[in-house]
Amino acid sequence: MVRSVGRWRSVTGGVRPRFSVGTGLVIAGLSLTAVAILLPVRLFASSGSAAGSSASGAQDDGLGVWNTPSGPLTPLDREFVGKVRQAGLWELPAGRQALQRGKRQAVRHAGRHLTEGHTDLNRRTADAARALAVTLPGQPTPEQQGWLAQLDAAEGDTYERLFVNLARRAHGKVFSLVAQVRANTRNAVIRDLATRANSVVLDHITALEQTGLVDFGALDGGPVSGGSGTATVAPPPAK
Numbered sequence: 001m002v003r004s005v006g007r008w009r010s011v012t013g014g015v016r017p018r019f020s021v022g023t024g025l026v027i028a029g030l031s032l033t034a035v036a037i038l039l040p041v042r043l044f045a046s047s048g049s050a051a052g053s054s055a056s057g058a059q060d061d062g063l064g065v066w067n068t069p070s071g072p073l074t075p076l077d078r079e080f081v082g083k084v085r086q087a088g089l090w091e092l093p094a095g096r097q098a099l100q101r102g103k104r105q106a107v108r109h110a111g112r113h114l115t116e117g118h119t120d121l122n123r124r125t126a127d128a129a130r131a132l133a134v135t136l137p138g139q140p141t142p143e144q145q146g147w148l149a150q151l152d153a154a155e156g157d158t159y160e161r162l163f164v165n166l167a168r169r170a171h172g173k174v175f176s177l178v179a180q181v182r183a184n185t186r187n188a189v190i191r192d193l194a195t196r197a198n199s200v201v202l203d204h205i206t207a208l209e210q211t212g213l214v215d216f217g218a219l220d221g222g223p224v225s226g227g228s229g230t231a232t233v234a235p236p237p238a239k
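Numbering-wise (full-length UniProt numbering), the sequence shown opens with residue 1 and increments by one.
One should not assume that every hint holds.
Derived CB-CB ranges, DEER-like [claimed, not checked]: (1) Glu209 <-> Ala149: 21 to 27 angstroms; (2) Gly62 <-> Gly217: 34 to 40 angstroms; (3) Asp152 <-> Val65: 38 to 44 angstroms; (4) Asn198 <-> Asp220: 20 to 26 angstroms; (5) Gly146 <-> Gly217: 17 to 23 angstroms; (6) Lys103 <-> Asp192: 34 to 40 angstroms; (7) Ser70 <-> Asp152: 37 to 43 angstroms; (8) Asp152 <-> Ala188: 36 to 42 angstroms; (9) Thr206 <-> Ala126: 21 to 27 angstroms.
Since the hints were derived computationally from the structure, they do not count as laboratory data.
Note that the Cβ used here is the ideal one computed from N, Cα and C, for glycine as well.
Can you build the whole structure from these sequences, using the hints too?
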């Protein structure tokens with residue numbers, strides 16, 4: 001008996017390859033497998049990107065990435081320059097005040113570090129903004145003005161505790177931003193500024209903690225208190 005291997009005749013009389021149906025099933029199976037593999041990968045990449053953006057808390061200024069001689073300048077890079085300057089607008093006068101009004105030597109020491117550090121960062125930030133055509137803030141925010149007003153009104157031990165805890169919380173928040181920018185920026189000017197800011201902010205955190213007045217329980221968003229006094233300040237808004 002002669003066996004046909006390669007072809008079979010359809011009911012309409014046409015000749016079709018014997019294995020066309022099987023081949024089609026194999027191709028369909030491979031296609032489904034590829035979709036099953038690639039779809040989770042794409043979803044994972046998308047969710048990872050969204051999570052990273054959300055975690056950064058960056059405010060997109062809508063201007064996109066700028067091409068500069070020192071490298072790409074992202075919205076986060078520009079926000080960073082502005083926030084370093086914004087911090088100096090209240091921490092520099094607060095440091096000067098602590099240097100003059102502090103009763104404890106450790107508080108005066110912390111005030112000196114804030115004064116020297118933010119004087120240096122103000123200069124470096126102005127240079128970076130000029131090189132990158134970034135507009136800087138010119139005055140403390142209403143919230144920062146409120147902190148300075150409360151420091152003006154506080155006295156003695158209440159003043160010292162309020163100064164230390166307000167400054168320590170603020171430095172903790174900007175420290176996270178500095179680390180993120182330093183790790184991710186592709187702009188040489190921003191990288192240099194972030195490197196210096198990292199050292200300055202860490203130095204200030206250390207000096208403030210060395211006073212022994214930091215209320216670590218209030219760093220996570222609770223009210224900052226002057227201790228025995230009545231001066232308190234609401235926690236900064238979430239970034």
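Hints and how they fare:
1. Glutamate 209 and alanine 149 have their C-beta atoms about 25 angstroms apart, which keeps the hinted 21 to 27 angstroms range intact.
2. Checked against the hint of 34 to 40 angstroms, the C-beta distance between glycine 62 and glycine 217 comes to roughly 38 angstroms, which is consistent with it.
3. Taking the beta carbon of each, aspartate 152 and valine 65 are about 42 angstroms apart, inside 38 to 44 angstroms as hinted.
4. Distance hint for asparagine 198 and aspartate 220: a CB-CB separation of about 22 angstroms, consistent with the stated range 20 to 26 angstroms.
5. Between glycine 146 and glycine 217 the beta carbons are some 22 angstroms apart, a value that agrees with the proposed interval 17 to 23 angstroms.
6. A hinted range of 34 to 40 angstroms for the beta carbons of lysine 103 and aspartate 192 is consistent with their spacing of about 38 angstroms.
7. Taken as a hint, the range 37 to 43 angstroms holds for the pair serine 70 and aspartate 152, whose Cβ atoms sit roughly 40 angstroms apart.
8. The supplied range of 36 to 42 angstroms is met by aspartate 152 and alanine 188, whose beta-carbon atoms lie about 40 angstroms from each other.
9. Range check, threonine 206 to alanine 126: about 26 angstroms between beta-carbon atoms, so the 21 to 27 angstroms window is met.
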